Amino acid sequence: MAKALISVPARARRGEIVEIKTLVSHPMETGYRRSQVGERIPRDIIRLFVCTYNGVEIFRAELHPAIAANPFIAFPTVATESGTLTFQWTGDNGFSVTESAAITVE
Amino acid sequence: MRSVGAAAVCALTVAASVFAGEISPAARRSGYDFMGRESRAMQDDETANPGMLWVLEGASLWQRKSGTAGRACADCHGDAGTSMKGVAARYPAFDSTAGRTLDLEQRINGCRVDRQQAPALAWESRELLALTAYVGRQSRGVAIDAATDARARPFVDAGRATFQRRQGQLNLSCSQCHDDHWGRQLAGNVIPQAHPTGYPIYRLEWQSLGSLQRRLRNCLVGMRAEPYDYGAPELVDLELYLMWRARGMPLETPAVRP
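Residue numbers (the numbering used here), protein chains in the order written: chain A, 3 to 108; chain B, 171 to 428.
These aren't lab readings, by the way, just hints derived from the structure by calculation. From a predicted model like this one, the values you see are computed outputs, not experimental measurements. A few of these clues could be false.
[As the list claims (entries may be wrong)] Simulated crosslink set (DSS-like; lysine-lysine; CA at most 30 Å straight-line): (1) A:K5 with B:K235; (2) B:K235 with B:K255; (3) A:K23 with B:K255; (4) A:K23 with A:K5; (5) A:K5 with B:K255.
Bound conformation, chain B alone (with noise of 0.2 Å):
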């Protein structure tokens, strides 16, 4: 009888994290609470916060003139406190002349192409990273904002489809590591719970620092899934989908992760 009742409650805990779903706001937590003191000092010290390097130097090429247009990005936008204050914190958002929608560094690079008419920039390449973190530090503290336009809803419908299929050779989808286990130990690391707060991120197993994109495509390959390519929809999507479920969150743009 005893056996039967621990069955049942055995069975009930599964159920209950088979299908814990998606975490309520009052839940959520970003990346920054799970870290170690030392990593989160790094993070809140601007002297001491690599991704600053980065920050610093989006700002120059910010200033500088480049592509046959002979344009700078300040010359539309001018000072980037202002004009970017809170854009980081809306994107990926839709593109009409697109017609889907656009992350950050493809927003960038389309701006390069259109405007400076110079070559767009490589995935992650530094210059690319530096100018997003730039425009995404001026972001900091701003609650995210992702996905109020009702064209972009079908694009956070299809992130969240990825987020909970279940691929690769592991056969785990994302949602079961970050919505169900989240907290808990995956070797030596705690499961965080996904939330892109402080993208680009300088990542110290990197050394560097690196876009979501990046991020998404190492999971994928611990999943021994095949990693779309950088730029893909779906990638897009499920960085939009992301935001969309961190709605609320203050960006921490450059964050420091482990």
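So that you can see chain A by itself, here it is in the shape it has in the complex (with noise of 0.2 Å):
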């Protein structure tokens, strides 16, 4: 199943800022809805958001209950080096994903 969807460049100039693009497949159950019976359903969400960047960690982002489903999330960064960015979502559940992306820097 497809579980995330990432954008990084391929190919990047040494110190060029480029955007990095993710999107990965998730409920993001708050905890706070009740189902049509009245039972609580129970929360389901990521907690926790990590890119690392050959083995540097450069974005850390905290999810909560109030963020919608199938979280988009985008930021900068220095192409410092070829190598490889890390994703890694891990949440409720055992809800543990990793993607990876190569990027070239000439």
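Got two chains here, each in a separate frame; can you build the complex from them with the hints?
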């Protein structure tokens, strides 16, 4: 199943500011809603998003119940060296998705 | 004298709005045109459009062998990029075996049951939405071309009759909002012209992808009418009429809507 969509430019000049865009598939159930029979629907959200660039953490976000389903997170970074960007989302009920993308810096 | 004149003008305006009828081809607008800048940007950017999550899932389902026949969609239809281009723009289409028109979801499930010998996918299930979105995505930009088959005509007429029939506790017809009062406000929202140009759509209110039938049922509930069941002939006829009404407009699947 398609868990996440990542957009990282394949090539960049050294020192260039590039935009990273991520979209992940998740219902982000708040925990505040009730079902049609009045039972509380348990919370099921992503708690943490971390992006590392060649093993160094460059971006981190804590997510909360008010964030919509299928969270879209975009951020800029400076292209310093060729390598791999790794993205990890972790959350309730053992949710964990890891994706990576390569970038060539010249 | 002056008040009589004003009353006459009023009466004329009311008459004009009551009998406005079908929208002329030049005046047609996709729901896209009624959206805010941010929602339009979300739809246009394929890395920001959440509907693409379903399209990607559909791409993997297309390749996956399923059912007792052990066949995948790709085993018969090959590359969807060529075999499915323009298909969604022609649906709902007349099916001679069924003796009536079938929408894209019903066509996909027909293939599953007959060719793959797999159980039909439930309406609004993630898999069915994913396959529909994937097939629909292949027709992005293609002009809608439904109901060219003469055998589909009676179903277009049935759909039009449903569209124009007042129903529900509010005693409203679809046409009263979407033909006569599009562009005006219904509470905080702009009333669109109801052209099904981007289904299945990612609706922000739903926080999910959904089919045209789900959208139609929403409207029926809003009119306080009893919604037709998923797959009911009335809903498929309505879908067909709406597609015929939007003929020539480009498909945007998967569209984003508020």
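Practice prompt. Below or equal to 30 Å on CA atoms is what counts here, so check K23 (chain A) against K5 (chain A).
Written response: holds (14 Å)
**Asked** Does the alpha-carbon distance linking K5 (chain A) and K255 (chain B) stay inside the 30 Å limit?
**Response** Measuring from Cα to Cα gives roughly 25 Å; hence the hint holds.
Is the straight-line distance between the alpha-carbon of K23 (chain A) and that of K255 (chain B) 30 Å or less? holds (28 Å)
Has the given pair, K235 (chain B) with K255 (chain B), been kept, meaning a C-alpha gap of at most 30 Å?
-> holds (22 Å)
Worksheet entry | Given pair status - K235 (chain B), K5 (chain A), alpha carbons within 30 Å | holds (20 Å)
Against the hints set out earlier in the document, no violation occurs for any number.
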